[in-house]
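Protein chains in written order, with this note's numbering: chain A, 4 to 192; chain B, 309 to 489; chain C, 39 to 406; chain D, 99 to 693.
Treat each hint with caution, since some may be false.
[Unchecked claim] Below, a sample of chain C positions facing chain A; criterion: calculated Cβ distance under 10 Å:
{"no.": "1", "residue": "V78"}
{"no.": "2", "residue": "E250"}
{"no.": "3", "residue": "H251"}
{"no.": "4", "residue": "V253"}
{"no.": "5", "residue": "D337"}
{"no.": "6", "residue": "A338"}
{"no.": "7", "residue": "Y339"}
{"no.": "8", "residue": "V372"}
{"no.": "9", "residue": "V375"}
{"no.": "10", "residue": "D380"}
{"no.": "11", "residue": "I404"}
{"no.": "12", "residue": "R406"}
It should be emphasised that the hints constitute simulated quantities derived from the structure, not laboratory data. By construction, the Cβ of each residue, glycine as well, lies at the ideal position given by its N, Cα and C atoms.
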Amino acid sequence: METLLEKIKDRVSVNFDLKDHKIYADQKRVDLFFKKEHIPSVLLYLKEQMDFRHLMHMSVIDWLEEGEFEVIFLLWAPKEKIKVFVKTRIDRENPVMENMDNIWPQLNTYEREFKEMYGIEFPGLVAPEEFILEAWTGPPPMRRDFETDKFAKDNFATRPGREDAQDVRETIAKRSGEDIPDFAKKYSR
Amino acid sequence: MYNDKNKQKIVDIIKNAARKHSLWVLAYGTGCGAIEVPATMTSRYDAERLGVRGAATPRQADVLLITGYLTVKTLKRVIRVYEQMQDPKYVIGFGSCTINGGMYFDSYNTINQLDLYLPVDVYISGCMPRPEAVLEGFGKLQELIGKGVANGARQYKDNLDYYRENQKKVIKNWDFQDYNW
Amino acid sequence: MEREKATTLYIGPQHPGITGNMMVRLKVEGDTIVGARTEVGYLHRAFEKLVERRNWVQSFTMMCRFCVPEPDPVEESYARAVEMLDKIEIPERAKWIRVLVLELARMSSLLLWHAGQGHSLGLYTMGQWSVGDRNYILDLFEELTGARIYHMFIWPGGVRRDFPEGFEDKVLRTMDYLEKRLEDYDNLLFENSIFQKRTQGVGYVSPEKIIEHGVVGPVLRGSGIKSDIRIDDPYEVYDKLDFVVPTQPGGDIWARALVRRVEIRQSISIIRQVIENIPKGEVYTKVPNPQKWKIPRGDAYARTESVRGEVGMFVASDGGRKPRRVHFRGAAYVHAVTLLEDVLIGQNIADVSAIMNSLGTCPPEIER
Amino acid sequence: MSFFDLRGTLKPLTSLKQFGKNPHTIRYPEVPVEASDRYRGFHFNEIEECIGCGNCATICMNESIDMIPIEGVEGDKGDSGLRPRIDYGRCCYCGLCVDVCPTGSLSLTKDFIHVSEDPDTFLFLPGVENPDAKDRKTYVSNKETSLNDWARIPMPELEGKERVKSFAEVVLGYNEEQARQEAERCISCGICTEVCPDHMHIPEYINAIATGNDEDAVRIIYDNNPLPELCGKVCTRRCEDVCAIATRGEPVAIRWLKRYATETADASDVIKDIVNPEIREPNGKKVGIIGAGPSGLTAAYYLALRGFDVTIYEANEKAGGMTMYGIPKYRLPLDSIQKQVDYIMSIGVKIHFNTKVGKDISFKEIYENNDAVFMGVGFPKAWTLGIEGEDANGSMQAVNFLHMINSGEDVEIGNKVVVVGGGNVAIDAARVSRRLGADVTILYRRRIQDMPADWEEIEGAEDEGVHMEPQAIPIKIHKDDKGNVKAIEYLKAEMVQSEDGGRPRPVAIEGSNTIMEVTAVMAAIGQQGDYDFIDKEYADQIKIERGRFVVDKDQQTTLPKLFAGGDAANRTADVISAIADGFRACKAIDKMLIG
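Just chain A, with the same shape it has in the complex (with noise of 0.2 Å):
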């Protein structure tokens, strides 16, 4: 399994300027990290030329503190049985991807999603826009930065009746007279 995954990550990096792989040899994965710019022909060439043509998903993964987002590939070779996991690293503050729904349409429902749930921009991307959210103005939702439960507690009221509830950690050391510092808390749960 190992050598085959090498293989075909050696017939990429012949190609195409890799510039990271990892091989997982159990589950039958081979990682490729690519620019953003040779993506769109990095998918067309493994979906034409190496049976890579099952489009099993597209994610990304928003990485606050690195300032960048993570925007992956999963692919599937219905012959050779194996998964590549193409990657790519975007700018978070001015997100741009290229739009590949003509190499696969079903990216259409992807590229909608992220753009709403993320705010990446999609240059050329023909769909409604609106596609979960409706009347959205608050920033992308999916976001790490924004924060679900302030949104939730100042627009949906919780039922009152539950004001009495306590902090078994701090009921006991009201009671002990504990003072726990503040660094402390930190790490109170």
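Put chains B, C and D on the given structure of chain A with help from the hints.
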């Protein structure tokens, strides 16, 4: 309370007795609880023997089952559906989500308390409620109708401003054609 | 003055023929559909946002809610993805129990499909029967997992409980009963000339659309391609089980119905094999205290064959106590949006409901 | 297909064969339906068994569980006094609360029907509102599938045979991975902090260890304990007795985790770097402290941090008091105390060693030259057995024996030692004697399970080959003609249940005299205070009861300006109480002098 038993006129008593044995439920699966509705309606639990059965359109229905959480987008449609329904009409809140948000209490897209936006006559607890609990809920609704205290629709009319205010707080645009606030 | 030829017709979200809470906006000329647009989002609960606030174990309770009719494949794929990330080996018996649960879920979902497919064509008796019989499977679930619909039974590390006493016999008895009932279903549904005429040649999915749209599951097999994740990318113990993957060349509703007709029988056979071969032993590998459980940085994708096709869970960890990203791939995510829009063109309005049922449209799975 | 499909028309009609069959419709609601034996319905809580740890509220991702005080449940040590209340407007019936319940008090029942027009009725106190649901429990907490970790990570130790060869430390300490794993067992409830005399921030520092922030853990520990490594090695750890996990499993190794965290700082300047304390500007007030034991050092450390000018007077040549001279080195190596004392001195605490109050400096002088005085003098004098022949050579007090060993003196004990007593001191003396090569027997009045010593110590002693002779009452020490110990004579005893319901007491059996040949006898039956150094004019004003200073809750004695702590002021006589006394006194002195 509106219309309590002592003040019910004879004609009301007769009307309510008739109403409670013929509850037509609007077939609108608003949330995940809709999966237990077929089970309740079909052969094992057979709610029809209790006078409960499905109706296809809002104008023919008496009971609006809110089966669980309501997203803001659905809430808008549900309000319209509710307002299209003709009297007598009742709302059953089905499952935890309608009471206090359920497991989606911190979601940015689901409302927490149904009774801020629509009057609710009966709540059924559970996530999701078993068909027995649903039958029990219908039984309770019938009981309330018989007593003449299931007055959600009246409350809605009388306190329309209150409900509208709450609805407008979460529904940012209301752009149904020829059906406006 | 020329009259506008195409009319816009909205079906849903409140419509008895729609499978769940979604809308299809049709452009029709007379009775024929010339354009279709789906509108989803009525059930968006933001699970993928919510799990960012919940730790690895807490998140598992959300998983079954992704798809209401068949919650277990989602639970299983989440559990397996987490196990892949943290390199947890689960006991052998747990794997077998998982297969049993998955197959029972497949059956219950297929019975619901029988009802929906019949209902969409006006055959109401089918619904009364199959949803009624589905309760026997839900009874089994209740006995095993403690809940009828949301089982929350398959969790990272194995399954939550072992079989209760006498459970195996009960499963076999139920299977015997259902097998007999399937003959009745054949007579009522598959032999029914109305059903045949309404489904043959309707809702055609051409083979070239399959690759484009990432079609999976019975829809793929109904177009003549033999593909099943249980065989191609075996998980749990499917590689130790003996079953056939049915295919039909037709590509229409009828072909997909025939595929599902065989599948429910295959499920019965798999369940019997599981009961026969299940090994003894533990059912749960201890995971660390949920409050403090940290998973090393990385990502994993676990895919499971559900009744609608491939469902998968993409899980990414940043090395912390909570998932960084949990992204669910539902079969309906492509079937019910781009593919449905494509397939509906040229069909009659009356067939919309049947086509949606046949494609396995499941709105909660699309918008999560 | 033909226009008229006969088969397709007739086949569906076969369903008519179902006509007249028994319906499978259930007769609910006329005939009630019972849920399965595993159904996850409403909750039930055994109010008596529940300790209010709140783990259910923590695991509940829907925030549907609130901890509230309820009538009839008074919280005391090991019970927060709160009980869960469940909001069925939130609950998703996943049962995780049951799976993490450490006591197993929470369970789910077969009940599932609650229908109401009033949404406020969906708040529910399990166990209080449905006491009859006890018989309908279904989903119960199961130790096998529970999410709690019941088993402790075993502490690596030296083998019993290895141990007796030297004074090397017996407990080896967790390595990083073991510590993380052990810290991950903690459920962060905080029940333990109440029974800790010092109320250390236990959940917080364990959590810091679990997240890999050992230095933060050290900082949190140093917030109210300046001798953590000492505690990490020899604390009596009452916290572990009430640990929520301990109700059904082994408690979290709180002591060993503290030891792990503090051991990572291996020198006093490393500690100083990590803790990096904020030292206030000198405020000009002077505090004198008598005795550099744990309580004195604690008071000194925190007073110095608050800007006081602190001086300690210590009779011995090293600081640490009983922990330095009473605890054998295989339990508490010398340098681990020394390092902490060095750190305390490095922030500005002055210690006058070899200065015995009453001899080298008078109490009066200290009292008058300082704005406040703290006394942590401990119990230096050991009780004697009070039997015939105790003046023989080779008959000694165990405390003195340990003191001599720890100061590096040679003590002649021969090859057969008898230790009388069952406390930690007795075990220590026995194990030290074993390391010196003697055969050791412990004579104890009661049974082994009645011994006040830590069970770990007793087990350790047994592993090392110490012989236990319970229910033995010594009556006489036989001397040989040179005045050396020759043998000890004791009576066997039987345990008699006392009539007032107290614990059984030993009663000697007449005529069961046994004589054992020995070369040394050590008495370890307790110590007492020695307050002769206090000048007469003050001694009258200080109230002493049963050998201890009478102090109020601020550790203040009846003499103003004089505070006391440690063994001389509390009844528990352990390190952590002494530290707590010192910390309390520091706060009180600060309040008294600065306000």
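Violated constraints from the hint list, given by number and in increasing order: none
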